[in-house]
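Asks: Sequence:
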Amino acid sequence: MENIFEIVTIKSLSDNYIWLLRNNVKNLTAVIDPSDDKDVNEVLLLKNWHLNQIVNTHHHFDHTNGNLKLKNKWKAELIGPEEEKDKIKNIDRYVSDGDKTEIAGLDALVIHTPGHTLGHVMYYLKNEKILFAGDTIFSLGCGRVFEGTMNDMFSSLNKIKELDPKTLIYCGHEYTENNLKFALEVNPNNKNLKTFSKKIYKLLDAGKPTVPSLLEDELKCNPFLQTENDEISNYFDEDKLEGLELFSKLRELKDKF
-8 MENIFEIVTI KSLSDNYIWL LRNNVKNLTA VIDPSDDKDV NEVLLLKNWH
42 LNQIVNTHHH FDHTNGNLKL KNKWKAELIG PEEEKDKIKN IDRYVSDGDK
92 TEIAGLDALV IHTPGHTLGH VMYYLKNEKI LFAGDTIFSL GCGRVFEGTM
142 NDMFSSLNKI KELDPKTLIY CGHEYTENNL KFALEVNPNN KNLKTFSKKI
192 YKLLDAGKPT VPSLLEDELK CNPFLQTEND EISNYFDEDK LEGLELFSKL
242 RELKDKF
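In my numbering, the protein residues as written are -8 to 248.
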């Protein structure tokens, strides 16, 4: 029996991931954050699929560079965050926090996650337990805080913690190995992290992507989701840190790691 949907991983640039979501029942295809059009077209032609939608999480060049060429070639609808309409050209449909939309014919909830950029959004397919997270969260890490505040990013990550733990997180980059080294530095006695590291290196050694990752694993292993963790707090050798204060220290440290 043919799967109702499938997701194709497309590696692009040095470490970007483009996600191609296919609805096999409705014969619809969407691309999420196309950094390049050629990589996407190659897969579409190989699969004999028509591109119906282009979906952006935020305005950065390495997530939108393929927009216009794909839009022109396939006459595809471009969906993007309303708060970044001045930074992403030719959006057909704007989305904002709490909006319910469809991606390749599958129901999706729009979640505003400022921090990396002010208008950044994620797309949560609750029924399928899929999160297209852009650059808000990575496996064992989180996005750099470029436009928002530490509090913005901290609040955005807390939104992710509220989702179904069986959710698969499709993030925008392959940063896992470096993130793992940082996580082991600040949380060396985390048994779950040590187990997770074996899985990661097995994938890396086989030349395979380490994402998507399971939210359940991230909750146990990602230091940026563990801001009540005593060992991580003690790493900074200060009075007990937690919550936003600990998150801010972690993010500042990771920026230099």
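Hints in this document: simulated from the structure, not taken from any laboratory.
Worth double-checking, as some hints may not be accurate.
What the hints assert, rightly or not - Cβ-Cβ distance ranges computed for the label pairs, FRET-style:
#1 Lys231 with Lys60: 51 to 61 Å
#2 Lys91 with Asn63: 20 to 30 Å
#3 Thr140 with Asn18: 36 to 46 Å
#4 Glu68 with Glu233: 37 to 47 Å
Yeah, the Cβ is synthetic: ideal placement off N, Cα and C, and Gly gets one too.
Asks: Are Lys231 and Lys60 spaced within 51 to 61 Å by their CB atoms?
Replies: 52 Å, holds
Asks: At the C-beta level, are Lys91 and Asn63 separated by a distance inside 20 to 30 Å?
Replies: 28 Å, holds
Asks: Using the Cβ atoms, figure out if Thr140 sits within 36 to 46 Å of Asn18.
Replies: 43 Å, holds
Asks: If I claimed the Cβ atoms of Glu68 and Glu233 lie 37 to 47 Å apart, would that claim hold in this structure?
Replies: 44 Å, holds
When held up to the earlier numbered hints, the structure conflicts with none and fits them all.
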